[in-house]
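Asks: Listed below, chain by chain, are the residues.
Number of protein chains: 2
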Amino acid sequence: MRWNGWGDPAEAHDLPLAVRTLLPLLLGRIRRPDPAAPLDRIRIPESALTADDLSAFGDAVGREHADVTAEARIRHAGGRSTPDLLRRRETDQQAPDAVIRPGSHDEVGACLAVAAARGIATIPFGGGTSVVGALDPERGEHRAVVSLDLRRLSGLLQLDEVSGEAVLAAGTSGPEAEALLSARGWELGHYPQSFRYATIGGFAAARSSGQNSAGHGRFDSMVTGIRVATPTGDIDLGRAPGSAAGPDLLRVFLGSEGIFGVITEVRVRVHPVPQDRVFESWSFPDFASGSAGLRAVAQGGGGPTVIRLSDEAETAVSLAQVGRIGRALAKGASVVTVYEGPGIAERRQRTAELLSAAGGTSSGETGAEEWLKGRFDGPYLRDSLLDAGVFCETLETATTWANLQTLRAAVQEALRAGFADAGAKSYVMCHVSHIYPTGASLYFTVLAGIRSEPLTTWRAVKSRVNDVIIATGGTISHHHAVGRDHAPWLAQEIGDTGIRILTAIKRELDPHGIMNPGAVIETAGARAGRG
Amino acid sequence: MRWNGWGDPAEAHDLPLAVRTLLPLLLGRIRRPDPAAPLDRIRIPESALTADDLSAFGDAVGREHADVTAEARIRHAGGRSTPDLLRRRETDQQAPDAVIRPGSHDEVGACLAVAAARGIATIPFGGGTSVVGALDPERGEHRAVVSLDLRRLSGLLQLDEVSGEAVLAAGTSGPEAEALLSARGWELGHYPQSFRYATIGGFAAARSSGQNSAGHGRFDSMVTGIRVATPTGDIDLGRAPGSAAGPDLLRVFLGSEGIFGVITEVRVRVHPVPQDRVFESWSFPDFASGSAGLRAVAQGGGGPTVIRLSDEAETAVSLAQVGRIGRALAKGASVVTVYEGPGIAERRQRTAELLSAAGGTSSGETGAEEWLKGRFDGPYLRDSLLDAGVFCETLETATTWANLQTLRAAVQEALRAGFADAGAKSYVMCHVSHIYPTGASLYFTVLAGIRSEPLTTWRAVKSRVNDVIIATGGTISHHHAVGRDHAPWLAQEIGDTGIRILTAIKRELDPHGIMNPGAVIETAGARAGRG
Chain A
1 MRWNGWGDPA EAHDLPLAVR TLLPLLLGRI RRPDPAAPLD RIRIPESALT ADDLSAFGDA
61 VGREHADVTA EARIRHAGGR STPDLLRRRE TDQQAPDAVI RPGSHDEVGA CLAVAAARGI
121 ATIPFGGGTS VVGALDPERG EHRAVVSLDL RRLSGLLQLD EVSGEAVLAA GTSGPEAEAL
181 LSARGWELGH YPQSFRYATI GGFAAARSSG QNSAGHGRFD SMVTGIRVAT PTGDIDLGRA
241 PGSAAGPDLL RVFLGSEGIF GVITEVRVRV HPVPQDRVFE SWSFPDFASG SAGLRAVAQG
301 GGGPTVIRLS DEAETAVSLA QVGRIGRALA KGASVVTVYE GPGIAERRQR TAELLSAAGG
361 TSSGETGAEE WLKGRFDGPY LRDSLLDAGV FCETLETATT WANLQTLRAA VQEALRAGFA
421 DAGAKSYVMC HVSHIYPTGA SLYFTVLAGI RSEPLTTWRA VKSRVNDVII ATGGTISHHH
481 AVGRDHAPWL AQEIGDTGIR ILTAIKRELD PHGIMNPGAV IETAGARAGR G
Chain B
1001 MRWNGWGDPA EAHDLPLAVR TLLPLLLGRI RRPDPAAPLD RIRIPESALT ADDLSAFGDA
1061 VGREHADVTA EARIRHAGGR STPDLLRRRE TDQQAPDAVI RPGSHDEVGA CLAVAAARGI
1121 ATIPFGGGTS VVGALDPERG EHRAVVSLDL RRLSGLLQLD EVSGEAVLAA GTSGPEAEAL
1181 LSARGWELGH YPQSFRYATI GGFAAARSSG QNSAGHGRFD SMVTGIRVAT PTGDIDLGRA
1241 PGSAAGPDLL RVFLGSEGIF GVITEVRVRV HPVPQDRVFE SWSFPDFASG SAGLRAVAQG
1301 GGGPTVIRLS DEAETAVSLA QVGRIGRALA KGASVVTVYE GPGIAERRQR TAELLSAAGG
1361 TSSGETGAEE WLKGRFDGPY LRDSLLDAGV FCETLETATT WANLQTLRAA VQEALRAGFA
1421 DAGAKSYVMC HVSHIYPTGA SLYFTVLAGI RSEPLTTWRA VKSRVNDVII ATGGTISHHH
1481 AVGRDHAPWL AQEIGDTGIR ILTAIKRELD PHGIMNPGAV IETAGARAGR G
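Heads up: the protein sequence lines correspond to chains A and B, in order. Residue 1 is where the first sequence starts when you use our numbering, and the numbers rise one by one after that. Residue 1001 is where the second sequence starts when you use our numbering, and the numbers rise one by one after that.
Source of the hints: derived by calculation from the structure; they are not laboratory data. Mixed in with the good hints, there may be bad ones.
A few chain A positions that, by computed beta-carbon distances, are all more than 10 Å from chain B [what the hints assert, rightly or not]:
(1) Arg152
(2) Glu346
(3) Ala357
(4) Tyr380
(5) Arg459
A few chain B residues that face chain A, going by a derived Cβ cut-off under 7 Å, partial list only [what the hints assert, rightly or not]:
(6) Arg1239
(7) Trp1401
(8) Ile1501
Label pairs and their calculated CB-CB ranges [stated by the list, open to error]:
(9) Gln1275(B) / Gly378(A): 41 to 49 Å
(10) Ala1471(B) / Glu141(A): 43 to 51 Å
(11) Arg1184(B) / Asp496(A): 58 to 66 Å
(12) Ala1471(B) / His13(A): 53 to 61 Å
(13) Pro1272(B) / Pro33(A): 49 to 57 Å
(14) Ala1471(B) / Gln158(A): 13 to 21 Å
(15) Glu1353(B) / Gly155(A): 47 to 55 Å
(16) Gly155(A) / Gly1155(B): 49 to 57 Å
No experiment lies behind these values; they were computed from the predicted model shown. Even glycine gets a Cβ: it sits at the ideal position worked out from N, Cα and C.
When you get a sec, could you build the whole thing from the sequences and use the hints?
Replies: This is the structure:
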């Protein structure tokens, strides 16, 4: 993975000609930025670890896995949000003081013991794909910070083919997990956009949601068990598929983003590899009628494996990417459906009835197939846009069906007005990719022609958007999680009592406060730093 | 509701003749016990509340709602487990020192403030149907204990017909909720056996599961929002249908059984009242083949609204109840399916294919219709059995499909051997009423001919069963919850770290420890008392 961009450089591609033509029309004249600094020119502070610290971590994981090289430290210095990528184009950067790579659950526990005894902040690191600042090398009030790289905790540890459950080591990446499972005829079927790099433990820690979540549910609902190492003891949760044995404490760790401990193993529901796959695209007059169609499917039990609705703006640009810009702009809103697993014909028929009744017209297989082919390529496109000087970022929320149009309009307007205040033109696209009986997600992609200080401009716009999301009844995150970027808004979502609950759990499990300081729960230090 | 038995006395009925004939064959000669003491002969200790305490509660809720009459105190002195009912046949009983009936969320908060300031234990009381000792009038280390009766918090507070969400006051009973919703064309569809008396808040606090859970899910999964008053502040949770805004703290309160605070409002997913209902019964050679059929439906997406499998012993007795004992004993295991909502024909067809492939034979509509008619009558039958001197109790657990036969056999044997050690014959029945892709519940009904000391005998048997459930990988409760009866086993299920998490949350929200002391989290006092 590129250290300051997305994925495999060999997979990256230039902007399609149609997009390059479209951008100045949408965003005005754009200046190409200075090229990013190469890795060997990056300057980071010297490691604050003492030789004795390093030796203690080395005893825990083996000397070769306690790494203070500049390259390792730079590669673990952040996630993959646009602010991360912009910051990492600069020459001077912050970085963790070392990268520690435990190879087992017990080695994770040993690392946490070393860190707790020595007061060293510890940031669990899976695939490095956080887009909410969860991997910032923040030491809080501690004298040093290490990145705990979990990629050595990899593999399929158990497969129960009767119950349809697999235990995966937390550092197993999405593609590794699917390869191990498919060799035995099984699939997890969790495909967030970060799939190619993100890890099973990361999916759990951040409450990920995947493209097939209409069929298989959010990652939350796929997890049936979990093993966690905390600074003060281990915990194994999830004895039974349904239980009333007190509150479901597994849910305390899903979404905990490393602030209580380190998820080391995850037990997940799996299903046989689907034999068939059917695609169907739909066209709607507009976003409102399309979302009425999705609501009918969510509430009426249509049962597609994938269903997503792109608004007029996203539909137009998607079509531009495949060179059909002319037809695109008259196309309204588009819906992609994919069906896998048992009973495809009945499910497709039922979904088609519901979408037709809502005003949709079937437009064949092509659009849905094209979506599937390109579904992991969005982040590459962002790198190309940044190289061209176009600011590009995504953000997401969710709300009830009754509030969906209101929230979408409010966020669109906050983005438009925020950039306009900074003198920048913007182009806002939106899609719905996750539906529930009672509501849906909203995922926004914004392009903007920012002339200078993109980080400062974006911080102001994003803050305005977050305020609007909270004021308009949305959640501060549907599947990107909280990290440090959303932490200042969490108290408004869960209240002071909610923050007190999280703080009480953290105090109990992590009394020295070494685990991912400033993530999820805002700290005074972090507040001041962001001022 | 009868204070020392189940439900409306007018609805109770004598044991069917076939059952009366069968019982001595199964359990040996049984002696009829002394009749239960009538309410006006029950002796309870004088209320430990001072006039000043009572006045403070009266200020919070109105004088007429702070009740120290013997009748109110006796009626709130426990739940509806068989040990509760046996204990409440005695003349000398324990009882809460008063019954306080708040009429609003704010009055609940005011009551908790009074109780916290004065060090008075507080036991939230909904429908009074707990079967795990969650309503024992235990004062812990406090000088007094009050029952906080929540039935005045009743009503449909909001209905969002676009999103399919309703907000119900926590003290609304099952039938009240369904009546309010159906007047507007909607249904909640949550039908646990306690449905006629239990409350919405109780469903949430105990993580209830209903007979239609194959179609609508556990109550856990129907709750989309919650409002709670704690001794140290309010909390409102559940902003969006899907969220990654930190851990899902709503799950901290589902299953909390009043130890953190009082649930005052619950937002739930609702659906249009189903127009059609289709029944089909099935017969299987044995429990193992029947459970293979249920597994195929759970994993293959059949989609019945209700599906339940009775083992050979339960099938025989069920048929005896409707007077067909001769045919019954050759019948193997029986399955009931019910379909409601959209797409019934396809769902029934798919389920029928899966059940047939597993060795099932369709046996028409009658059995399923009879089950539906009698589905809330089990607790009445228990009263009749107790009157006849037959011990009758239920218990439940859940596990993975791979472990289902092993766990069932182990629990059956623990029950049989436990009663045999006390010189009692027993008859153990089992059914599966809740299925999940990865596993299922197991619900046991045991009849026993205990000659003397039924409470002592049952305590020993139940303890043995709980040990076996934990040792064999089951959960200590699938839907009855923890209360005080299961609390000693919870640490084995969630580990010391799990107990520390619950204790930390309780310390934060309820620093004086007034909320339902000894429930869920075992206390030293409770341990000693149970010796």
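Asks: Looking back at the numbered hints, which does the structure fail to meet, lowest number first?
Replies: Hints 2, 11 and 15 are the ones this structure does not satisfy, whereas the remaining hints hold.
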